[in-house]
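Asker: So the sequences go chain by chain: A and B. Residue numbering for the first sequence is 47 to 468, as defined by our numbering. Residue numbering for the second sequence is 251 to 851, as defined by our numbering.
I should point out that these hints are in silico values taken from the structure, not numbers from a laboratory. For clarity, every value in this text was computed on a predicted model and none was experimentally measured. Ideal placement from N, C-alpha and C gives every residue a C-beta, glycine not left out. Don't take every hint at face value.
[Claimed, not checked] Listed next, the in silico EDC-like pairs over lysine to aspartate or glutamate satisfying Cα-Cα at most 16 Å (straight line):
#1 B:Lys641 to B:Glu694
#2 B:Lys495 to B:Asp524
#3 B:Lys256 to A:Glu395
#4 B:Lys256 to A:Glu227
#5 B:Lys498 to B:Asp845
#6 A:Lys398 to B:Glu253
#7 B:Lys381 to B:Glu339
#8 B:Lys434 to B:Glu660
#9 B:Lys532 to B:Asp845
#10 B:Lys532 to B:Asp638
#11 B:Lys454 to B:Glu298
#12 B:Lys357 to B:Glu328
#13 B:Lys463 to A:Glu395
#14 B:Lys641 to B:Asp672
#15 B:Lys463 to A:Glu227
#16 B:Lys463 to A:Asp353
#17 B:Lys673 to B:Glu694
#18 B:Lys454 to B:Glu253
[To be verified] Just a few of them, taken from the derived set where beta-carbon distance is under 10 Å, the chain A residues facing chain B:
#19 Ile257
#20 Gly258
#21 Gly338
#22 Val410
These are the residues of each chain, in order.
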Amino acid sequence: MQRSENLVSSIDWLTILLYFLIVLLGWLNIYAAVYDEGTTGSIFDFSLNSGRQLVWIGASVIIIIFILIIDFKFYSTFAYFIYGAVFVVLLGVLGFGTEIAGSKSWIRLGSFGVQPSEFMKFAAALAVAKFMDSHGVKFNNFKDLFILGAFIALPMGLIVLQGDTGTALIFGAFILVFYREGLSPLILIFIAASAAIFLLALLVTQSYLAIGIGASAFLIIMLSKKNLKTITGILLGAAIVFSLIRSVDYVFTNVLKPHQQNRIKALINPEEDPLGYGWNVTQSKIAIGSGGMWGKGFLEGTQTKFDFVPEQSTDFIFCTIGEEHGWFGTLILITLFMLLFLRIVYISERQKTRFARVYGYSVVAILFFHFAINIGMTIGLFPVIGIPLPFFSYGGSSLWAFTCLLFVLIKLDAHRMDQLVH
Amino acid sequence: MIEGRKYVIQAVFLITGIAFLVKLFTIQVTDKTYAKAATDNIILPVVEYPYRGLIFDRNGELIVYNNPQFDLTVIPQEVKQLDTLSICEILGLTREDFKQRLSAARKYSYVKPSPFFKMISNQEFGKIQDKLVDYPGFGIQARTSRAYAHPVLSNSLGYIAEISSAGLRQDSSRYYRQGDYIGKSGLELYYESQLRGKRGISYKIKNVRGIEKGSFEDGEFDTIPIPGQNLVSTIHLRLQLYAEKLLKGKVGSVVAIEPATGEILAIVSGPSYDPGMMVGRKYSSNFSLISRDSLNPLFNRPVMAMYPPGSIFKIVQSLIGLQENVLNVNETIYIDGRNIGDHAPPGYYTLHEAIRKSSNNYFFMAFRRMINQNLNANTFIDSRLGLDNWKSHVMSFGFGAPLGIDIPNEKGGFIPGSDYYDKIYGHNSWKFSTISSLSIGQGEMLLSPLQMANLAAIMANRGYYYTPHLVKEIGDYGPLSKFTEKHMAGIDEKHFPPVINAMQDVVTSTAWRAVIRDIEICGKTGTAENPHGEDHSVFMAFAPKKNPQIAISVYVENSGWGGRAAASIASLLIETYIRGNITRQWLEDYVLKGDFADATQ
Numbered sequence: 047m048q049r050s051e052n053l054v055s056s057i058d059w060l061t062i063l064l065y066f067l068i069v070l071l072g073w074l075n076i077y078a079a080v081y082d083e084g085t086t087g088s089i090f091d092f093s094l095n096s097g098r099q100l101v102w103i104g105a106s107v108i109i110i111i112f113i114l115i116i117d118f119k120f121y122s123t124f125a126y127f128i129y130g131a132v133f134v135v136l137l138g139v140l141g142f143g144t145e146i147a148g149s150k151s152w153i154r155l156g157s158f159g160v161q162p163s164e165f166m167k168f169a170a171a172l173a174v175a176k177f178m179d180s181h182g183v184k185f186n187n188f189k190d191l192f193i194l195g196a197f198i199a200l201p202m203g204l205i206v207l208q209g210d211t212g213t214a215l216i217f218g219a220f221i222l223v224f225y226r227e228g229l230s231p232l233i234l235i236f237i238a239a240s241a242a243i244f245l246l247a248l249l250v251t252q253s254y255l256a257i258g259i260g261a262s263a264f265l266i267i268m269l270s271k272k273n274l275k276t277i278t279g280i281l282l283g284a285a286i287v288f289s290l291i292r293s294v295d296y297v298f299t300n301v302l303k304p305h306q307q308n309r310i311k312a313l314i315n316p317e318e319d320p321l322g323y324g325w326n327v328t329q330s331k332i333a334i335g336s337g338g339m340w341g342k343g344f345l346e347g348t349q350t351k352f353d354f355v356p357e358q359s360t361d362f363i364f365c366t367i368g369e370e371h372g373w374f375g376t377l378i379l380i381t382l383f384m385l386l387f388l389r390i391v392y393i394s395e396r397q398k399t400r401f402a403r404v405y406g407y408s409v410v411a412i413l414f415f416h417f418a419i420n421i422g423m424t425i426g427l428f429p430v431i432g433i434p435l436p437f438f439s440y441g442g443s444s445l446w447a448f449t450c451l452l453f454v455l456i457k458l459d460a461h462r463m464d465q466l467v468h
Numbered sequence: 251m252i253e254g255r256k257y258v259i260q261a262v263f264l265i266t267g268i269a270f271l272v273k274l275f276t277i278q279v280t281d282k283t284y285a286k287a288a289t290d291n292i293i294l295p296v297v298e299y300p301y302r303g304l305i306f307d308r309n310g311e312l313i314v315y316n317n318p319q320f321d322l323t324v325i326p327q328e329v330k331q332l333d334t335l336s337i338c339e340i341l342g343l344t345r346e347d348f349k350q351r352l353s354a355a356r357k358y359s360y361v362k363p364s365p366f367f368k369m370i371s372n373q374e375f376g377k378i379q380d381k382l383v384d385y386p387g388f389g390i391q392a393r394t395s396r397a398y399a400h401p402v403l404s405n406s407l408g409y410i411a412e413i414s415s416a417g418l419r420q421d422s423s424r425y426y427r428q429g430d431y432i433g434k435s436g437l438e439l440y441y442e443s444q445l446r447g448k449r450g451i452s453y454k455i456k457n458v459r460g461i462e463k464g465s466f467e468d469g470e471f472d473t474i475p476i477p478g479q480n481l482v483s484t485i486h487l488r489l490q491l492y493a494e495k496l497l498k499g500k501v502g503s504v505v506a507i508e509p510a511t512g513e514i515l516a517i518v519s520g521p522s523y524d525p526g527m528m529v530g531r532k533y534s535s536n537f538s539l540i541s542r543d544s545l546n547p548l549f550n551r552p553v554m555a556m557y558p559p560g561s562i563f564k565i566v567q568s569l570i571g572l573q574e575n576v577l578n579v580n581e582t583i584y585i586d587g588r589n590i591g592d593h594a595p596p597g598y599y600t601l602h603e604a605i606r607k608s609s610n611n612y613f614f615m616a617f618r619r620m621i622n623q624n625l626n627a628n629t630f631i632d633s634r635l636g637l638d639n640w641k642s643h644v645m646s647f648g649f650g651a652p653l654g655i656d657i658p659n660e661k662g663g664f665i666p667g668s669d670y671y672d673k674i675y676g677h678n679s680w681k682f683s684t685i686s687s688l689s690i691g692q693g694e695m696l697l698s699p700l701q702m703a704n705l706a707a708i709m710a711n712r713g714y715y716y717t718p719h720l721v722k723e724i725g726d727y728g729p730l731s732k733f734t735e736k737h738m739a740g741i742d743e744k745h746f747p748p749v750i751n752a753m754q755d756v757v758t759s760t761a762w763r764a765v766i767r768d769i770e771i772c773g774k775t776g777t778a779e780n781p782h783g784e785d786h787s788v789f790m791a792f793a794p795k796k797n798p799q800i801a802i803s804v805y806v807e808n809s810g811w812g813g814r815a816a817a818s819i820a821s822l823l824i825e826t827y828i829r830g831n832i833t834r835q836w837l838e839d840y841v842l843k844g845d846f847a848d849a850t851q
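Isolated chain A (complex conformation) (with noise of 0.2 Å):
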């Protein structure tokens, strides 16, 4: 009795309050996404999404209450074990799967499917976060390095086997995570730069890019204390640039497949074939950008209400809050998110353990990447790639998913004073 009291005053309602607005919003638009005039049921209609996710909201706060039931003490000891078990199940998906829409990463267990992908990347923020405070892990211990970046690397794989790049990309999100906890900044800003690069070698032509990469490097050798080692240092980064750049053509064409090839030929320039690889980008911005200022209203949309907008309930909701509820929509949400950004990396950053600042990071870093990812590619400025808007997006898994992360969080964070004790 007094420890339920005692969760109730230590639990960060803020956290909770913004989860259930961006729910409830999402809810919403899942509706006004399917809504068709005079055909449509109600928002609760079972046949439809809305009415199927409000199961799944009702099911979350299930989960919600286990979570906060279960001892705070569970993830952090069960850590490798949950990892485990999920680990087979996404190895079990690999040999006995369901394959929706080119990815075989479904299980089906009747009419219901799970997506075992998901509560990967809610595993895996555990094991890290585990094995990052247990071993003291300093980033320059090899083998170190190595073990974390195989609890990472082992599930993409099986994930990039699945078929779903797009899923297996957001693990990238550790690398923030690491970087809070002491990794060099080089290397984030070498994949930055590298990334930046690839872009650049496949929209601009690429000798004068190279031009531009040899002038720039004698610009710095002019401008730097010439010495021998900084010359020849500069020199090889403009060699493994140059390398880099020359390299692209054969990663665009031999390693992308083709339909990965056409969404990044669609982030470059979708007006090239606006009716074929395109149309997603197109339909997408044309959505959004109807909305003007205030947007068209609730369930007054077009382009998402008769589907020139793609996958309108799950990838592409963006759409659906851009075109109903205009500028000052997107605002709101991207106001909401920043808001549960900010807050978990304070929630995180005053935990007494390094596993439950692991594990908050490894939260906020997975969200924001899906936020990223997803926002940015419906207004064109990242490739389409297949995921979810994190609590907003139509679908059980994922939410059920974000809903372990974010609260596993907020358990922990309930018992950050028992942990000193502890």
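Let chain A serve as the given structure and place chain B on it in line with the hints.
Answerer: Positioned in the frame of chain A, the structure of chain B alone reads:
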């Protein structure tokens, strides 16, 4: 240092959020093209075609109307069953045809309906309608096509067909669209803007598959199609039918005019074609068939053919001579027959006798008096003055320029003037003898059959005419204003009775086949010389002499003397129009037999 990294991470979050909001602001608020693209996405303009105006005859009988016609459309995506046998059978397609049409439709759009088989007749539609249920993806688009109560009047009515790409480019009003039907000739072309009505457009909302989801903005921008205006033509359908029957198998034309109004009662071009051939699926094959025909049925002879008028022109010469005071009805002149070939014997002639016997030499003499009025001592200059004066008289009769009938491509004939002869012979290097064959309606002079009928109308009216026309009512309005304008022929009314009396005598004495009991006919025969073969048979007349109701010209190519073929046809038509029936079955038989050359006078 690591403590500071939380700020870097928070900064990354905030920068991302702000970057999104900035980008969103540009596409949502500053850039308006997305809003327009969204509207374009969902708007489906549905064209509603108006009914084309109908065409009636002067008594309210229907001549041209609209028939429902159907296009079979296909939405390739929805086509499932490929057991195509019964559809192929009904439409007369082979399997290859079928596949080809389907792939053409696919090329246009997978999800939108496109025409699969255009212009299915009513009967075929009846057969297909029941079967459509078994063929998902196939649908019917209704439209109308022209239909004709009788297979007559084709060249005057004209036809409609899909607008050509050149036609689209030239459409300055920008009204027409690809696939629209437009009048191509005849009344259909001349009255296109009145007949076509106005297309209506309703704006529907469609979803991504092009399926209608209701009207846009509650139909605020919709327009209702306005049906075309009906035309009441001047045609007397019974007379027209009879005229077409009489001219069957002959090359030539008939034009009958109500003199008091200029309304055309009947207008026939022979040979002709069934206007129903220019409708529907067979249009293009029939069109090439008709246009390749050696007798050129598309050539609208009454307004496009130009012939030397021959002896009927002597009527004009008589009137000009009297008006110019070079002839006198009481004068008797000895005509010797030296100057020009002549069927009329030499002897003493009055104007009356000259017309009655169609004396070539009399009119040779008369024309010389008109041309050489001794206004100048130089015979060349004198001839020039005479010809210019004569030509202006002739032009007043509506010759030498199109009359302005309400069908396109009317030819004006040709009346040579001094400029023409200057060009051929040199300035002042010609004189009366050069142009003397004009005196009897030969030489360079050309008239259209319409102009000949109009001459008969001028005679009937004793000196004036209204521009012959084919439409007397457009919707609720009367004819075009130009058709109610009186045109004077420039001849005093007093000169007409003697000439008309002579024309009456022509009929009673020489053109005896034209005589109708109890109806006084005034006419003039002609036999236009044809260097290429048998002479052309010409007759123009009006009747009754008092209160004329009909003026007519008949031109039958290669049928010899005007008193036979042309006069017989004209007489039968006059009787039909005035009396309502014919009394001389033998004459009709004679005309229908069509063998005029070996008959005796």
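Asker: Tell me the numbers of any earlier hints that the structure contravenes, in ascending order.
Answerer: Numbers 9, 10, 13, 15, 18, 19, 20 - these are the hints that the structure violates, sorted from lowest upward.
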